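Trainee: Going down the list, the sequences are from chains A and B. Residue numbering for the first sequence is 0 to 469, as defined by numbering that gives the first Met the number 0. Residue numbering for the second sequence is 0 to 196, as defined by numbering that gives the first Met the number 0.
These are computed hints drawn from the structure, not numbers from a lab. Values in this document were obtained by computation on a predicted structure and should not be read as measured data. We put the CB at the ideal spot given by N, CA and C, even for glycine. Do not take every clue at face value.
Said to hold, decoys possible - Chain A stretches covered by chain B per the calculated footprint, using a threshold of three residues with CB under 8 Å from any CB of chain B: (1) 119–127; (2) 134–147.
To be verified - Computed list of chain B residues with no C-beta within reach of chain A, every gap over 12 Å: (3) 61; (4) 86; (5) 106; (6) 148; (7) 189.
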Amino acid sequence: MITLLLLPAFIMFLISFSKNDKSKYLLAFTSFVILLPIIKLFLLPKPYAIIGNYLVADKLDTYVLLVSSIVGIGVTLALLTLDKHVKVSPKAYRKFYRFFAIFWIGLIFSILSNHMGIYWIGLELATLATVYMIKTNYTPAAHKEAWNYMIVGAIAVSLILFGIILMYASAKPILGEDAMSFDLLLKHAKEIPSPFLFEMGFAITTIGMFVKMGFFPMNLWLANIERASFYPVAALFSGILESAVIVGFFRFSKIAMEVNYDHVFIFIFVYTILTIFIVSFLIFRAKDFMRLFSLSGVEHMALIAMFWVSGAPFAALLHFGAHAFLKPALFLSTGVLESNGKYRIAGALKGYKGKRGTLFWFLVSLFLLAIISLPPSPMFFSELYGFGAMISTAKQGNHILAMIGAILFLLILLSIIFYRFVAIYQSMKYEGEEKEKKVYNSELFGLVIFAFSLMALLFPATITYLKSIV
Amino acid sequence: MVDFYIGLFLASLIVALFTTRLYRLLFWYALNSLMLGVLALTIGKNIDDNAMMITGVITIVVKAIAIPYILKNLSQKFQFVRRITPEIQVQYAIMLVPAILVFTFYLSEPIVTMIHTNANYVAISISSLFLSLLLMMEHKNVAPKIIGFLSMENSLFLLGITATDGMPMLVELGIFFDLLMAIVVINLLFHKEELKI
């Protein structure tokens, strides 16, 4: 199975060295092939041991992998017409795919790992690969941001390793070298001889993960990087890399919640509320699409983490799926919207004529309104479930008033974001000059895939599957 | 003997903080890595752990010899600025370093009561982590920041050796692989490519 999973990425890596003009299409095709072994894995009975106890596919990671591969296909489709919107050299294009292949290998190991060490190795590999993807845009800003990403990303990943070592040290006396396995740690969480050490390790790992996702106090670093890089890179960041990080958070927090639920809940709850508080005002001031969507991504990741620890894992997973499809779709749309001049929000949705144009602006409008959780967006339902579960958890813990206060505060912050998005949408649709703009088939096809995937999240079968993960 | 090596590990990192020349910084990094490798060999021998001894040898070959050599070559190829003045003045840095050391010993006090073997070494590895971060922060040039990142990796490795009596071999090899990948990416980042369509 592992050969099947890694083979498309290896083929992509090899093809990326070819200087033939047609290799661009072959690379895109290889990216499509990635989906096939993942579908096969998805259909196999779970848990399925891929390599002993090191790589084990369970329902959670196959779901994350499936979502990520669909995002990968959408991004590849948009890449076919990248040169129509931005200046990109064929060499940079090939290099992008070379590092995309490495990124994918790292990601497969990271998402499927049942081992803290392998998870970290995969994540580090994926992070390093993205550094060079940023640099495929040959501008001084991208060059600077690639270095920024290298340094801040390295610090974040080091913090994650630091925490992993402490967690491993805390459980080694009872589990020996098996203290690296997520499933064994979960099983023996109550027996860990030094819970304080484990909790400290968890807190440090979580901070590393949160820094990587742009949480407080590193709210703007990811936005600046996504602004400087090509839009498919931003889509990969939000749709795939963050998925690998959040799947790690799910696994670590599950164990930490077994060790001491109250500590985890308070720590994550306060951290995520603080992040949303800062981000909502940053969104209010955002003046370009990339930063707007990037900051909105931070807000959604914070909500996912909050729902996960508040006793609403189903809501977290639904929100995660919706975010993973919506955010790359919006980043790819940004590439098209900005191709006729950067930073112009007013009138951005005007001038798209014909069937393709109409479908494009309709889809972008749909995505924009879905990201602010307007029904029937999956985000609307996930937030509904999430807030409901938070109240239920609070009832059991006798802190219902504090929770209602926190939810009200959260709703005020979310309404600020809502207001900004609606204002921007109105400006895009009803203000500014109308100039004729073009949209290409491949990128439109990518957006249609995202729209269908988003709808698929609300199918009863999907909801049953997500509930079964929990 | 372990105390002596760990002392030299910390001392080489502290000296690196005050260095104003790039090649000397590379030398201190190499010494820091050498001490780490020797520590892994010594502790591995003491607890009869072959995997840790192999890791120690790899550390010496990769981190104490190969990486400083590659970085020196890169600095010549891309003509790095060799004068690297820290942004934090010496008189302040000289107060900051002991403050960090005292703070980390205080911070790690609850932990050291839980880890019975090499308890104080855990505190030293945490302080090394902070000092590496300081090294990254106090320079504007990219090269010292890279050394800071590599030193941070050394500190984590030290924590792995001391707090857990060695991580599983698979993880340590994976970390080495990622480190080499980081060096490849750093090399590529130095290339300033022009847009040719």
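Trainee: None of the hints should be skipped; say for each whether it holds.
Mentor: Structure-based check of each hint:
1. Against chain B, the region 119–127 of chain A contributes 5 residues with a C-beta closer than 8 Å to a partner C-beta. That satisfies the three-residue criterion, and the hint holds.
2. Closer than 8 Å: that is the beta-carbon criterion, and the region 134–147 of chain A has 5 residues meeting it against chain B, so the requirement of 3 holds.
3. With a cut of 12 Å on Cβ distances, residue 61 of chain B stays outside the contact zone with chain A, its closest approach being about 16 Å.
4. Every CB of chain A is more than 12 Å from the CB of residue 86 of chain B (nearest about 15 Å), matching its label as outside the interface.
5. The Cβ of residue 106 of chain B does not lie farther than 12 Å from every Cβ of chain A; its closest approach is about 10 Å, which violates its non-interface assignment.
6. Interface exclusion of residue 148 of chain B from chain A breaks down, the closest Cβ pair being 5 Å apart, not more than 12 Å.
7. Taking the minimum C-beta to C-beta distance to chain A, about 10 Å, the non-interface status of residue 189 of chain B is violated against the 12 Å cut.
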